[in-house]
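Undergrad: The residues making up each chain are set out below.
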Amino acid sequence: MISKYRHLIDLNDFSVSEWDSIISLAKEIKKNPALYSHRCDGKIMGTLFYEPSTRTQMSFQTAMLRLGGSIIGFDNPETSSVAKGENLKDTTKIVSSYADIMVMRHPLEGSAKAAALTSDCPIVNAGDGGHLHPTQTLTDLLTLSEQKGTLSGLTVGLCGDLMNGRTVHSLLKALSCYKNNKFVLISTPELRLPSYIKDILNASSCSFCEVDSLEDAIPELDVLYMTRIQKERFSSEEEYNAQKDVYVLDRNKLMKGKHDLVVLHPLPRVDEISIDVDEDPRALYFVQAKNGVYVRMALILTILENPSPTKLFDGKVHAGVCCRNKKCITNREKYLPKSFWGMGDTLVCEYCDERILL
Amino acid sequence: MISKYRHLIDLNDFSVSEWDSIISLAKEIKKNPALYSHRCDGKIMGTLFYEPSTRTQMSFQTAMLRLGGSIIGFDNPETSSVAKGENLKDTTKIVSSYADIMVMRHPLEGSAKAAALTSDCPIVNAGDGGHLHPTQTLTDLLTLSEQKGTLSGLTVGLCGDLMNGRTVHSLLKALSCYKNNKFVLISTPELRLPSYIKDILNASSCSFCEVDSLEDAIPELDVLYMTRIQKERFSSEEEYNAQKDVYVLDRNKLMKGKHDLVVLHPLPRVDEISIDVDEDPRALYFVQAKNGVYVRMALILTILENPSPTKLFDGKVHAGVCCRNKKCITNREKYLPKSFWGMGDTLVCEYCDERILL
Amino acid sequence: MISKYRHLIDLNDFSVSEWDSIISLAKEIKKNPALYSHRCDGKIMGTLFYEPSTRTQMSFQTAMLRLGGSIIGFDNPETSSVAKGENLKDTTKIVSSYADIMVMRHPLEGSAKAAALTSDCPIVNAGDGGHLHPTQTLTDLLTLSEQKGTLSGLTVGLCGDLMNGRTVHSLLKALSCYKNNKFVLISTPELRLPSYIKDILNASSCSFCEVDSLEDAIPELDVLYMTRIQKERFSSEEEYNAQKDVYVLDRNKLMKGKHDLVVLHPLPRVDEISIDVDEDPRALYFVQAKNGVYVRMALILTILENPSPTKLFDGKVHAGVCCRNKKCITNREKYLPKSFWGMGDTLVCEYCDERILL
Numbered sequence: 000m001i002s003k004y005r006h007l008i009d010l011n012d013f014s015v016s017e018w019d020s021i022i023s024l025a026k027e028i029k030k031n032p033a034l035y036s037h038r039c040d041g042k043i044m045g046t047l048f049y050e051p052s053t054r055t056q057m058s059f060q061t062a063m064l065r066l067g068g069s070i071i072g073f074d075n076p077e078t079s080s081v082a083k084g085e086n087l088k089d090t091t092k093i094v095s096s097y098a099d100i101m102v103m104r105h106p107l108e109g110s111a112k113a114a115a116l117t118s119d120c121p122i123v124n125a126g127d128g129g130h131l132h133p134t135q136t137l138t139d140l141l142t143l144s145e146q147k148g149t150l151s152g153l154t155v156g157l158c159g160d161l162m163n164g165r166t167v168h169s170l171l172k173a174l175s176c177y178k179n180n181k182f183v184l185i186s187t188p189e190l191r192l193p194s195y196i197k198d199i200l201n202a203s204s205c206s207f208c209e210v211d212s213l214e215d216a217i218p219e220l221d222v223l224y225m226t227r228i229q230k231e232r233f234s235s236e237e238e239y240n241a242q243k244d245v246y247v248l249d250r251n252k253l254m255k256g257k258h259d260l261v262v263l264h265p266l267p268r269v270d271e272i273s274i275d276v277d278e279d280p281r282a283l284y285f286v287q288a289k290n291g292v293y294v295r296m297a298l299i300l301t302i303l304e305n306p307s308p309t310k311l312f313d314g315k316v317h318a319g320v321c322c323r324n325k326k327c328i329t330n331r332e333k334y335l336p337k338s339f340w341g342m343g344d345t346l347v348c349e350y351c352d353e354r355i356l357l
Numbered sequence: 000m001i002s003k004y005r006h007l008i009d010l011n012d013f014s015v016s017e018w019d020s021i022i023s024l025a026k027e028i029k030k031n032p033a034l035y036s037h038r039c040d041g042k043i044m045g046t047l048f049y050e051p052s053t054r055t056q057m058s059f060q061t062a063m064l065r066l067g068g069s070i071i072g073f074d075n076p077e078t079s080s081v082a083k084g085e086n087l088k089d090t091t092k093i094v095s096s097y098a099d100i101m102v103m104r105h106p107l108e109g110s111a112k113a114a115a116l117t118s119d120c121p122i123v124n125a126g127d128g129g130h131l132h133p134t135q136t137l138t139d140l141l142t143l144s145e146q147k148g149t150l151s152g153l154t155v156g157l158c159g160d161l162m163n164g165r166t167v168h169s170l171l172k173a174l175s176c177y178k179n180n181k182f183v184l185i186s187t188p189e190l191r192l193p194s195y196i197k198d199i200l201n202a203s204s205c206s207f208c209e210v211d212s213l214e215d216a217i218p219e220l221d222v223l224y225m226t227r228i229q230k231e232r233f234s235s236e237e238e239y240n241a242q243k244d245v246y247v248l249d250r251n252k253l254m255k256g257k258h259d260l261v262v263l264h265p266l267p268r269v270d271e272i273s274i275d276v277d278e279d280p281r282a283l284y285f286v287q288a289k290n291g292v293y294v295r296m297a298l299i300l301t302i303l304e305n306p307s308p309t310k311l312f313d314g315k316v317h318a319g320v321c322c323r324n325k326k327c328i329t330n331r332e333k334y335l336p337k338s339f340w341g342m343g344d345t346l347v348c349e350y351c352d353e354r355i356l357l
Numbered sequence: 000m001i002s003k004y005r006h007l008i009d010l011n012d013f014s015v016s017e018w019d020s021i022i023s024l025a026k027e028i029k030k031n032p033a034l035y036s037h038r039c040d041g042k043i044m045g046t047l048f049y050e051p052s053t054r055t056q057m058s059f060q061t062a063m064l065r066l067g068g069s070i071i072g073f074d075n076p077e078t079s080s081v082a083k084g085e086n087l088k089d090t091t092k093i094v095s096s097y098a099d100i101m102v103m104r105h106p107l108e109g110s111a112k113a114a115a116l117t118s119d120c121p122i123v124n125a126g127d128g129g130h131l132h133p134t135q136t137l138t139d140l141l142t143l144s145e146q147k148g149t150l151s152g153l154t155v156g157l158c159g160d161l162m163n164g165r166t167v168h169s170l171l172k173a174l175s176c177y178k179n180n181k182f183v184l185i186s187t188p189e190l191r192l193p194s195y196i197k198d199i200l201n202a203s204s205c206s207f208c209e210v211d212s213l214e215d216a217i218p219e220l221d222v223l224y225m226t227r228i229q230k231e232r233f234s235s236e237e238e239y240n241a242q243k244d245v246y247v248l249d250r251n252k253l254m255k256g257k258h259d260l261v262v263l264h265p266l267p268r269v270d271e272i273s274i275d276v277d278e279d280p281r282a283l284y285f286v287q288a289k290n291g292v293y294v295r296m297a298l299i300l301t302i303l304e305n306p307s308p309t310k311l312f313d314g315k316v317h318a319g320v321c322c323r324n325k326k327c328i329t330n331r332e333k334y335l336p337k338s339f340w341g342m343g344d345t346l347v348c349e350y351c352d353e354r355i356l357l
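Chains as they are written, first to last, in numbering that gives the first Met the number 0: chain X, 0 to 357; chain F, 0 to 357; chain Z, 0 to 357.
So that you can see chain X by itself, here it is in the shape it has in the complex (with noise of 0.2 Å):
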């Protein structure tokens, strides 16, 4: 199944040398925003915001609005067609063809690709449930490659609810596609890297550990990637009270940072940096949150000024076998195909990328 226009739904849809032109143009729009501010005259985004998400929409409306662009959209479903039943299919059918370029955010895994089926414009995933949210890593990338001058070769703490986190898979994924990198990773037992994500590094020229102490690990740390660890995450009551301390980054912890430590958080936080932390020059994640800006800028660019097809599907349609993820897109929205490609016993949802042992 080949779309015609190019969409960015897994950051996998692009190359590594397209990763890099991303970089690359967002670096120089920042140096010189005013060359870019009429590149979009006359174009239209769609943000469609299934559920709230006022950082991403903000950044995303302000790099359309600072390319010359316009914005129309929803961020409230209550106040949508949605609330009358209306199906994903003609919700995004429509507002593609008002606009130039639609921007998503849906609570369910593979919605963003599920729309990429019939759209009649490009599709910029902003986040499908807790499954891929690309421009996040993207700006990552360019915030890391900014301040470090590469992107290999660096020793990178994370930090939080590694489990679950959507924002440190992708960025794991993405950072072992470069050489050389360490990956220090840090949380309670409970909450560790899934395998799948630990095969991936593993078959990477990247190297990685895992440890229970934030503050044993930050000496070594070139990048300290801090996310938020949910205290219904923890086991007990009892073990949440023992360790919540632990995996929040104040000052004495960030005194046995290197000088040039970089630390990184897609934010919101809530209390896992303390607020005091902020006014030291390493603390860099309002730059990064800014950064989201730059580089969403130079994606709308690349996207629109390189029209090209994007290959949505590689398997082939199973009629009678149901995704086993719940919040999979396929499983609310019936009239979907349902593709999955083989991989010895197993086949993989092309929508979620969920795992099925036949």
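Because the hints were derived from the structure by calculation, they are not lab data.
Take the hints with a grain of salt, since some may be wrong.
DMTMM-like, lysine to aspartate or glutamate: derived pairs with alpha carbons at most 20 Å apart [claimed, not checked]:
#  : chain 1 : residue 1 : chain 2 : residue 2
1  : X       : Lys333    : F       : Asp270
2  : F       : Lys333    : Z       : Asp277
3  : X       : Lys88     : F       : Asp275
4  : Z       : Lys181    : Z       : Asp198
5  : F       : Lys337    : Z       : Asp277
6  : X       : Lys172    : X       : Glu209
7  : Z       : Lys315    : X       : Asp275
8  : F       : Lys289    : X       : Asp119
9  : Z       : Lys243    : F       : Glu85
10 : Z       : Lys88     : X       : Asp275
11 : F       : Lys333    : F       : Asp352
12 : X       : Lys337    : F       : Asp277
13 : Z       : Lys333    : X       : Asp275
14 : F       : Lys230    : X       : Glu85
15 : X       : Lys88     : F       : Glu271
16 : X       : Lys289    : Z       : Asp99
17 : F       : Lys88     : F       : Asp99
18 : F       : Lys333    : Z       : Asp275
19 : X       : Lys42     : Z       : Asp40
20 : F       : Lys325    : F       : Glu50
21 : X       : Lys42     : X       : Asp119
22 : Z       : Lys333    : X       : Asp270
23 : X       : Lys230    : Z       : Glu85
24 : F       : Lys326    : F       : Glu85
25 : Z       : Lys337    : X       : Asp275
26 : F       : Lys333    : Z       : Glu278
27 : F       : Lys29     : X       : Asp119
28 : F       : Lys30     : X       : Asp119
Given chain X, put chains F and Z in place with the hints provided.
TA: Below, chains F and Z alone, put in the same frame as chain X:
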């Protein structure tokens, strides 16, 4: 009562030759949109959506943006001054003084005319309760004209809830102004067309018949206009179960249609057209939805570039008479002059068209 | 504490001669808006409305659009990162890095100043709880200046809830900076002006008197500024019923006013001005509402085209002292430096102006 602005409250505020001009202009815009991309530079459209309607709102917004204009407005009265108890007059008076043209959707009938009484700019009615929705009808006319090359001599099937369907009533009234159309009215006996619409058809050069079966009717049609039929409209659960599939357009029924049949639907649909019909080249409801942008671009240009006054009332104020339609705006906004025009021993409310026998 | 951006948190952040310049510029813009329609091309305004206020939000949006700029923002914290527990600092820090100017409305007092501490662009306070709303006052001053040709020597009646009315307090403070105004304070005994405002008036060249009856006061007024009076503000149901009509401006009372009386209201109104007053040429509240756009255009230009630093704190941090105003932002956002300035044995909170006796 004359307003100095040109409003579109009811399709009949414009003459049939003006409809034709708007449709022609919409076709020109569709052919060469770039020619029109600066025609509304610096103009602002206010979109006051007192009830949600993503499709309509986005099509108006897209139209204005494609003309170079910009947008203010709200789509959620909960987050507006309305929530503080402000009356319709004050809200619309002020927004109309900010904007160059105002688009309004409201759950109560006659609300667009009520707003026009004190507006400081032209108003377009984007739906006043179950009463009028003239830009949907213009969209339908454009699509028919484009697909059939004419608006006369067509055999048009209308299927679904013909008793309550605002778009059906409006389309029938509009098409009855053209010559020799034949309407096939497909519904359950309970959901037949109201007699006052039949009176209009009888007074025209058009004819109509009423039938129960979509399948039997489809072979002779040039156009099939599908609408939603709601479960709760049936007299009983049994009757619903017995008939629910009768009014669903699927591939089997479509096989009996002419090769150049045009299938339309105002959308959103729920179940009344099977999704596998979408692939058929005769399924033109997505084209119709996109045409909504072009026809609204043409309408905005017509209104902004050809200012002229609108006559809002023909009759006179009957201070002691209340409109009996509970959904009439005059029953909520008490300051409105209660204007009626007389027809024998009947008064007709000049807001919602309700007939009152004295 | 100095911010490098020019903010408008309190009207006193600008000098009286700067108010006069903004008012003059607003008049120039009103005369010839086309001259200003590209002055903010490429600029973005962020509008952060943590509570609904359609009128204020739309007037700011219209102002920015009429200058050629564009808009990002939210009007519903439920669909924003705020719903995920993000603090004020992070949200405003990031949006201020996306935008060129930020407009903020928040239910807590002192919130605009709190945001200014870490903002990356100028902030305009569009209402911080019951505390300040400086652009409403600028709107009032523009309308008075335009209608009366002066801001001095006027007899100004202010009617309604003078105890709690933020707009009344702010207007009185502003007009007391001009010469020889006389204020007639019309309210119930329970809703009299607070004494700290009376102190300001006593220290100025202006005089005031307190009266109960609107009808008795109206003949001598040059200006009548009406505000909402809420039922729940009366000490009992009986008192409300006895007095409710006393503070309603209707045609009968207006008959006793001067022929060049100027009637203003910050809107929205509920019942305190009869709708039939709207037709009177002295009813200028809709003109006032529209003037809100011109004065905000002038303010945006002044701020963006004349960058200069703002002094945010005069006093010092008292880490152990909590502001006793429960609605002060410092009581929710605990990381904020607790800054007070001293006045004898009193500390004044530098966010919300609450006085604390030590």
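Undergrad: For every hint, state whether the structure bears it out.
TA: For each hint, the structure was consulted:
1. The hinted pair formed by Lys333/X and Asp270/F meets the criterion: a straight-line CA distance of about 12 Å does not exceed 20 Å.
2. Straight-line distance between C-alpha atoms of Lys333/F and Asp277/Z comes to about 15 Å, which keeps the hinted pair within the 20 Å bound.
3. The hinted pair formed by Lys88/X and Asp275/F meets the criterion: a straight-line CA distance of about 12 Å does not exceed 20 Å.
4. Proposed proximity of Lys181/Z and Asp198/Z is supported: the alpha carbons are some 15 Å apart, at most 20 Å.
5. Of the supplied pair hints, the one linking Lys337/F and Asp277/Z holds, its CA atoms being roughly 18 Å apart against a limit of 20 Å.
6. Proposed proximity of Lys172/X and Glu209/X is supported: the alpha carbons are some 16 Å apart, at most 20 Å.
7. Between Lys315/Z and Asp275/X, the direct Cα distance comes to roughly 19 Å. Compliance with the 20 Å bound is thereby established for this hinted pair.
8. Distance restraint check for Lys289/F and Asp119/X: the Cα-Cα separation of roughly 11 Å lies within the 20 Å cut-off, and the hinted pair is therefore satisfied.
9. Pair hint Lys243/Z plus Glu85/F holds up; C-alpha atoms about 19 Å apart against a cutoff of 20 Å.
10. This hinted pair checks out: Lys88/Z and Asp275/X have alpha carbons roughly 12 Å apart, not beyond 20 Å.
11. Taking the CA atoms of Lys333/F and Asp352/F, the gap is about 18 Å. The hint holds against a cut of 20 Å.
12. As the CA atoms of Lys337/X and Asp277/F are separated by approximately 18 Å, the hinted pair is consistent with the 20 Å bound.
13. With a C-alpha separation of about 12 Å, the suggested pairing of Lys333/Z with Asp275/X holds against the 20 Å cut-off.
14. As the CA atoms of Lys230/F and Glu85/X are separated by approximately 16 Å, the hinted pair is consistent with the 20 Å bound.
15. At most 20 Å may separate the alpha-carbon atoms for a hinted pair to count; Lys88/X and Glu271/F meet this at roughly 15 Å.
16. Restraint check for Lys289/X and Asp99/Z: the C-alpha separation of about 13 Å stays at or below 20 Å, so the hint holds.
17. Taking the CA atoms of Lys88/F and Asp99/F, the gap is about 17 Å. The hint holds against a cut of 20 Å.
18. Taking the CA atoms of Lys333/F and Asp275/Z, the gap is near 12 Å; set against the 20 Å cutoff, the hint holds.
19. Taking the CA atoms of Lys42/X and Asp40/Z, the gap is about 16 Å. The hint holds against a cut of 20 Å.
20. For the hint pairing Lys325/F with Glu50/F, the CA-to-CA distance comes to about 18 Å; that is within 20 Å, so the pair holds.
21. Proximity of Lys42/X to Asp119/X is assessed by CA-CA distance (about 14 Å); at most 20 Å being required, the pair is judged to hold.
22. Our distance criterion of 20 Å between C-alpha atoms is met by Lys333/Z and Asp270/X, whose separation comes to about 12 Å.
23. Of the supplied pair hints, the one linking Lys230/X and Glu85/Z holds, its CA atoms being roughly 16 Å apart against a limit of 20 Å.
24. In summary, the hint linking Lys326/F to Glu85/F is supported, as the alpha carbons are separated by about 19 Å, within the 20 Å threshold.
25. Pair hint Lys337/Z plus Asp275/X holds up; C-alpha atoms about 15 Å apart against a cutoff of 20 Å.
26. Between Lys333/F and Glu278/Z the CA atoms are separated by roughly 17 Å; this keeps the pair inside 20 Å, and the hint holds.
27. This hinted pair checks out: Lys29/F and Asp119/X have alpha carbons roughly 16 Å apart, not beyond 20 Å.
28. Using a Cα cut-off of 20 Å, the hinted pair Lys30/F and Asp119/X holds, with the two alpha carbons roughly 18 Å apart.
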